[in-house]
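*Asks:* Chains D and V, in that order, are what the protein sequence lines are. Heads up: the first sequence runs through residues 8 to 225, numbered per the numbering used here. Heads up: the second sequence runs through residues 8 to 225, numbered per the numbering used here.
Please note: incorrect hints may appear among the correct ones.
[What the hints assert, rightly or not] Here are some chain D residues pointing at chain V (derived, C-beta under 10 Å): (1) L21; (2) E37; (3) I39; (4) M93; (5) G99; (6) P137; (7) L139; (8) I196.
[Claimed, not checked] Covered stretches of chain V, as calculated for chain D (at least 3 residues, CB under 8 Å): (9) 14–27; (10) 33–40; (11) 111–118; (12) 121–131; (13) 163–174; (14) 208–217.
[Stated by the list, open to error] Facing chain V, according to a computed beta carbon distance under 8 Å, are these residues of chain D, among others: (15) H78; (16) L117; (17) R207; (18) L208.
Keep in mind that the hints were calculated from the coordinates and are not lab data. These numbers were taken from a predicted model, which means no experiment stands behind them. Think of the CB as a built atom: it goes at the ideal place given N, C-alpha and C, for glycine as much as any other residue.
2 protein chains.
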Amino acid sequence: MAKKEISQAVILRLPRYYRYLEDLMEQGVERISSNELSKRMHLTASQIRQDLNNFGGFGQQGYGYNIKNLHDEIAKILNIDVEHDMIIVGAGHLGQALANYTNFRKRGFLIKAVFDQDPRVIGTTVGNAPVLPMEKMDDFVKDHGIKMAAICIPKAPAVEVVESLIADGVVGIWNFAHVDLAVPENIVIENVHLSESLMRLSYRVGEVYRNQDEEKNE
Amino acid sequence: MAKKEISQAVILRLPRYYRYLEDLMEQGVERISSNELSKRMHLTASQIRQDLNNFGGFGQQGYGYNIKNLHDEIAKILNIDVEHDMIIVGAGHLGQALANYTNFRKRGFLIKAVFDQDPRVIGTTVGNAPVLPMEKMDDFVKDHGIKMAAICIPKAPAVEVVESLIADGVVGIWNFAHVDLAVPENIVIENVHLSESLMRLSYRVGEVYRNQDEEKNE
C-alpha cells in the first residue's frame with residue numbers, strides 16, 4: 008500500500024472529497040469526471056486528478072471516476088470504514104449538539120455515553136446515549152474499550168479529565184475546551200476552538216471594510 | 008500602520024496569542040517574557056518575538072511584554088476592539104450552544120436574535136436572544152445593520168438563506184452547515200465543518216495504530 012506516501016495536504020482535503028462523493032451517491036450518481044467534480048468543488052481538474060491519483064487508477068480516461076469505489080477507498084484511508092465507539096464529556100448545549108448529530112452516526116461514529124456531573128441531566132438520554140455521572144467515566148471507557156472522546160467541558164476541568172481518559176486507553180481527543188492540551192506523542196488531539204474561528208471571521212470582516220475604504224481613497 | 012504587511016500565517020496565530028494573553032490578564036499577570044510565553048504556548052521564543060515584532064516594540068529587553076498593551080493591539084487587528092451584532096440562523100442544539108456561549112459575549116460578539124421556523128421554539132429565549140420566525144430575518148438584519156451571521160441549519164436551506172443574508176447586507180458568514188457556500192468576493196466565510204474535523208481525528212487515530220503495528224513488525 009502507498010498510504011504512507013500520501014502528503015498531509017492531500018489528507019487534509021480528503022474529508023471534503025468524501026463529503027462530495029457522499030452527496031453524489033445520495034443523488035444516485037455513479038460516475039463523475041474530474042472536470043465535473045472540479046466545477047462542484049471549486050478546485051482545478053488537474054488538482055483533483057493529482058489528489059485522487061494517490062489512490063491508484065480509479066479515474067478511467069473518458070469514463071470518469073467510479074464514485075462508490077473512490078468513496079470506499081477514501082473511507083478506508085480516513086479510518087471510517089470501521090465503527091468507532093466514542094464518549095462525550097459534558098452534556099451542556101455543545102455536548103448535546105454533538106450527541107444529536109445524525110451525520111456522525113451515519114459515518115460510524117457511535118456515541119456510547121455522555122458524562123456530566125449535573126444531577127439534573129444524569130439519567131436522561133441525549134441522542135441515543137445515556138447521560139452518566141462523571142465517576143463512572145473511567146470504568147466505562149476501560150470496560151468498553153473506548154478510543155475516542157469529545158471534550159465539551161470548561162477548560163479548568165478539561166486538563167484532568169483528558170489525563171484520566173488517556174490513562175484509560177483513549178487515543179483520540181476531540182477537544183472543544185478552550186485550552187491547548189499537552190498529551191504524549193502517541194495520542195492525537197483535534198482542536199475545535201470556536202472562539203478562535205469567530206475571531207478569524209471578525210478579522211476578515213474588518214479586512215473587507217479596510218479594502219473598501221482604501222478603494223474609496225484611491 | 009503596518010497592518011497590511013502582517014502575513015496570513017501570523018494572523019492565523021493571533022487568536023491563540025489573544026487567548027493566552029486573556030488568560031494571563033485574568034490571572035493578574037502584567038508582563039511576560041518571550042521565554043515564559045514560549046513555554047506556555049509550546050512555540051519557540053524566537054517565533055514569538057518574530058510574530059509579536061509585527062506590532063511594534065511591545066517587548067522591552069529584560070522587561071518582557073506588557074500584556075495589556077499587546078492584548079489590546081491584537082484585539083484591534085482582529086477587529087474585536089469593537090462590538091459586533093450578530094444573528095444565528097437555526098435554534099437547534101448547535102444554534103443554542105452558540106447563543107449560550109458566554110465567551111462570545113465577553114469578546115463583544117452580541118447575539119441579537121436567533122431565527123427558526125419551528126413554532127415550538129419561536130417566542131422563547133436562548134442565551135439572551137429572542138427566537139424569531141424565519142420570515143422576520145430579512146427585515147431584522149436590515150433594520151439592525153447586522154453584518155455577521157452564524158448558519159446552524161441543514162445544508163439544503165442554508166444556500167438560499169445565505170443568499171438572502173448577503174442581499175440584506177451581511178458581510179461575514181460563520182458557516183456550520185455541511186456545504187461549501189459560493190459567495191461574492193467581498194463576502195467572507197469561515198467554515199466549521201465538524202464532520203470533517205472528526206474524520207481528520209479518525210484518520211490520525213488510524214495512523215497511531217499503523218505506526219504501532221510497524222514498530223511491532225520491525
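*Asks:* According to a criterion of three or more residues whose C-beta lies within less than 8 Å of a C-beta of chain D, is the stretch 111–118 of chain V covered?
*Replies:* As far as the stretch 111–118 of chain V goes, the hint holds, because 3 residues have Cβ atoms under 8 Å from chain D.
*Asks:* Are at least 3 residues of the stretch 14–27 of chain V within less than 8 Å of chain D when you compare beta carbons?
*Replies:* Contact hint for the stretch 14–27 of chain V vs chain D: holds, 7 residues under 8 Å.
*Asks:* Is the interface hint satisfied for R207/D? The criterion is a beta-carbon contact with chain V at less than 8 Å.
*Replies:* Interface hint status for R207/D: holds (6 Å vs cutoff 8 Å).
*Asks:* Hint validation: M93/D versus chain V, beta carbon distance must be below 10 Å. Holds or violated?
*Replies:* Where the cut-off is 10 Å and the nearest Cβ of chain V is about 9 Å from M93/D, the hint holds.
*Asks:* Is the shortest C-beta separation between I39/D and chain V less than 10 Å?
*Replies:* violated, 16 Å
*Asks:* Is the interface hint for P137/D satisfied, with its Cβ closer than 10 Å to some Cβ of chain V?
*Replies:* Violated. Min distance 17 Å.
*Asks:* Regarding the hint that H78/D lies at the interface with chain V, is the smallest CB-CB distance below 8 Å?
*Replies:* Since chain V brings no Cβ nearer than about 13 Å to H78/D, farther than 8 Å, the hint is violated.
*Asks:* Report holds or violated for the interface hint on L208/D, using the least CB-CB distance to chain V and a cut-off of 8 Å.
*Replies:* This interface hint holds because 4 Å falls under the 8 Å limit.
*Asks:* A closest beta-carbon separation below 10 Å is what the hint needs, so does L139/D meet it against chain V?
*Replies:* violated, 19 Å
*Asks:* Report holds or violated for chain D covering the stretch 163–174 of chain V, Cβ cut-off 8 Å, minimum 3 residues.
*Replies:* Answer violated; 0 residues pass the 8 Å Cβ test.
*Asks:* When I compare C-beta atoms, does the stretch 121–131 of chain V have three or more residues closer than 8 Å to chain D?
*Replies:* violated (count 0)
*Asks:* For the stretch 33–40 of chain V, count the residues whose Cβ lies under 8 Å from any Cβ of chain D; is that count three or more?
*Replies:* violated (count 0)
This entry does not satisfy hints 2, 3, 6, 7, 10, 12, 13, 15, 16, going by the numbered hints stated previously.
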